[in-house]
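Protein chains in written order, with the working numbering: chain A, 37 to 308; chain B, 11 to 354; chain C, 80 to 554.
Be aware that one or more of the hints could be misleading.
[Unchecked claim] Here are the in silico distance ranges between beta carbons for each label pair:
1. B:Ala23 to C:Thr529: 24 to 30 Å
2. C:Val332 to B:Cys276: 34 to 40 Å
3. B:Gly182 to A:Val233: 42 to 48 Å
4. A:Asp184 to B:Gln216: 58 to 64 Å
5. B:Lys337 to A:Asp184: 33 to 39 Å
6. A:Lys244 to B:Arg84: 48 to 54 Å
[What the hints assert, rightly or not] Stretch by stretch, here's where chain B covers chain C in the computed footprint (C-beta under 8 Å, at least three residues):
7. 94 to 101
8. 104 to 112
9. 247 to 254
In case anyone wonders, no lab produced these hints; they're calculated from the structure. In this text, a Cβ means the ideal position worked out from N, Cα and C, and glycines have one as well.
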Amino acid sequence: MTTTSASQSCAACPAHNLSNLKKLGVNMTSWDYVIALAGNPNTGKSTVFNALTGLRQHTGNWPGKTVVRAEGGFQYGGSRYKIVDLPGTYSLLSTSTDEDIARNFILFGQPDVTVIVLDASRLERNLNLTLQVLEITDRALICLNLMDESRRHQLHVNERALARELGVPVVPTSARHGEGIPELLQAIYEVASGQAVCKPHRIAARSKELQAAIQRIATNVEARFPGLTNARWVALRLLEGDPRIIEAVRTGELAELVTSKPETEAMPKAAA
Amino acid sequence: MISPFTSLLFAAAIGGVLLLFFWPDSGLFWKWKRGLASTRRILVEDALKHLHDQEYHGYTTTLSSLSGALTINRDEAAKLMARLQSIGLVKTIGDGFELTPDGRKDALRMVRIHRLWEKYLADETGVAAIEWHKRAEKLEHHMTRQEAEALAVTMGNPTYDPHGDPIPTASGKLPPRKGCQLTDLDVDEVARIVHIEDEPAAIYAQLVAAGLNPGMQVRLLEKSPQRLQFIANGEEIVLAPVVAANVTVQRLPKEAETNGSFATLCALGVGEKGEVVAISPNCRGQQRRRIMDLGVIPGTVISMEMTSASGDPIAYNIRGAVIALRKSQADMIQIKRVEEAVEK
Amino acid sequence: MNEAATVNSDILEEAASLRWEIGDNMHDSLIESIYEDAAKIADKVVTKIGEKPRFNWETTLDKLLTSRIFGFPLMVVMLTLVFWITISGANVPSGMLASVLIDQFHPMLKSLAATVGLPWWLDGLLIDGMYLAMAWVISVMLPPMAIFFPLFTLLEDFGYLPRVAFNLDNMFRRVGAHGKQSLSMTMGFGCNAAGVIATRVIDSPRERLIAIITNNFALCNGRWPTQILIATVFIGALAPAALSGLVSAVAVVSIALLGIFLTFLTSWALSRTMLKGEVSSFSLELPPYRPPRILQTLYTSLIDRTIIVLWRAIVFAVPSGIAIWLLSNIQISGNSLAEHIINFMDTFGLFIGLNGVILLAYILAIPANEIVIPTILMLTVLSAKMAGVGDGAGVMFELDDLSATMTVFQAGGWTLLTAVNLMLFSLIHNPCSTTIYTIYKETGSVKWTTLASLLPVVMGLVICFVVAQVWRLLF
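Isolated chain A (complex conformation):
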């Protein structure tokens, strides 16, 4: 499991510096990997997006700025990446448009990497969304943003411990100042190419009743769709009555998530 090793080795490594990054803006015709950018509102998601793509998406200091999905692209280390900035949400459990878009893209859009942007100075509240994303996908990494602010607040975040707890790579950044972007790129590359294998943290439901119900449905889902990595989450959504997931189970669309290797051309009809 590669965690934060990138951040140490790469700073000195000339092969992986920013000159390797080619910002493509929106001029994308084809791509090798799709990256989703998720996170709470006001964590600097759009700043990270802009730092990677060279686009100047407006980044207001105002929660919920990115209401529509923004897309852009960049080239790094010979591969072309398409990056999708999802709406900032506090959670993925409710039924608002933003959350539907974010949730459905992470599941049905099958991004090769989901980058979760966290506010290092307010880790606990940000972890709510993080843990939910990690239930859906195991190809994720954490961009621990706003490190400058957390330093200002006299907080120290142990990113190695965080990586260990969450089971995915963690890259500390401060995107406003361009800090940590080379390391972030390297980590994206490692997860996308499968060099870094994630074993994400899974939530333990507190109520026994709920736990048992999830288990029962998940077993059935797994039996019907062998190889599905997030059967537990699907079970959970079924218990929540998520119409989109119910539809996917009914039509058997869920099976495509197992068999097809990310065919990124097919964009989901998010929140149609």
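For this one, chain A is given, so just place chains B and C on it according to the hints.
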């Protein structure tokens, strides 16, 4: 040119007529439009619902129960039943009536739409509790199956209506009744309210006035043929047994009781802290979910940061973020005060 | 596939029946579990280095900006400053753009067309119609927007705007709307289309619709010049010379305030009728203050807001330029089409205290309010058959001299009532086509777009009617 005075008068008259016709809900136009909807269909649908309700509670439907429930006379009730029988929705059994499988399907569909509406009115609009049932009774007759399903989807396919009644699934399944009446509890027993019957309206109004809601915990203090005294969410309530009988509860083990009465978030002054104990059951639907997603859950320590210049929204520090809530929302979050440790 | 569907539906049935068993508090229990995990993890990985996690200047600033005594005055000062910088700062570049695009470039194009030998109608259509409409829109619209949007964005980036919403929420709550509507409204003073887009930060659909429908009552940049001109020419002239500037300024501000009042009134009426209900979920994060990055802000707000809005306005203004030219140049039985329409609408127009020219100008200017004044002037000259003023049929113009402008208005039979009602109607009429299009894109609904377009115009006509009748009763 017409004199200004006459034209103003004319305009006022036209405006008055328009208002008379199009005033929301009570305007003549809307009344006329509602009148167009076939009253016969409404009667049929209401009859099916009544039959189902009786069956669910284990009673038989008779002509007198039907005429009582639908406020029609016995002749009309008899005609109605004859009609239902002729289209195969009802069959006679003894001196009462029973739903045929087809009739049950239709009845469950009506029950589903009715309860979805109640849920919607409770969760997504600011309509008062006493109005839910009345409005749902009207709205349910003007809805197609597709519209009902769309309504269910926007609410995340709810399973229970705000009175605690299960909502039948789209394919017409309904779980059996559970729980017992509040009057069945013994003194000192602890239970959770699972259902509050919304009919008759007069009794329901009393229960609403007492602030009772499904999900609340109650403990019986005293029981006599005249009165029932119990604690619900920290408050002492006295009800007549005939009123209390409309509350269905499920017994809980005694240690589950959360005790004491609580302050709400509103009570905090600037800089003071409180630990969340519970979110009131009156906080429903999206609003409840949003508040919880923000990190307001039992155990969270919240500190009051500042009030806005106009006094109402109040900003709280919730798990590191400063979030403004309206007083009406903050009032639904129950807390216990946390004394400041030796900081500062 | 069919088989799969029936097999899979048993999973769904099972899930559905389990949901009843779990009960209604599943979401509660789930989110509690997640936060419990989150708290555990955060506990392990975060250490506080020093005590004193609070930053004093931030708390002090927050206290000041949201205090009961200083909160509102500071807000008013801040926003007035923004508008003042916008209006006064835009004057000079607007004048420069107008002199280059209209006074210099337009004659050059005309002479070029003459040398090439374009037929008169093509020359008129292209240069007097299309080009001039575009030039007016750019010179009137671009400078204020290029100033207003970056200023607004700076306030936004700094984190002040959420505090404004925080302070104003109480008033919006009383009319059944959302505090964040204060922001889309403020934005609407810059441009209604941008204001409508800004309603995206309101997450509940009902309150968002209210904000969209009422946004038009915020007097946008395109309408300020009309207000200022009419107020100066007619209302300022009533006062003694020394006070005329002040009086006309007060008149314009009153119109803007009337707009805010109508915003509240309409929100209140909507939230009690068509969009009934209480605020479904209100929560507003007050983010930490962050120093804005000025250069990037200038760049992004220019690209994101100004250019897009300007582009849309031009796209809509060009066809209306063509229409204006055609109407004033197509002759039927001795008179232009425009004159026929004006005569037709004149009775009704005069009845409600306006006139046929103004009504036609507002129909033609649906695409962009910026061209209202030039169109009115041109049409007035045309219908009053004045000689020696303006540049001919279908050529929009403005006059540098206020008294010359007054002469044109007087020739058109204008009175003080006409002026007052024009100011009212300029505030209360249908949104411009850019805004209508934006409303349609944002709501995706023909019904709400129609309502948002028709409601203000009906209100405007009614108000003008009442004012005219009362005026005639009194004077």
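Among the hints numbered above, which are violated by the structure, and what are their numbers in rising order?
Violated: none.
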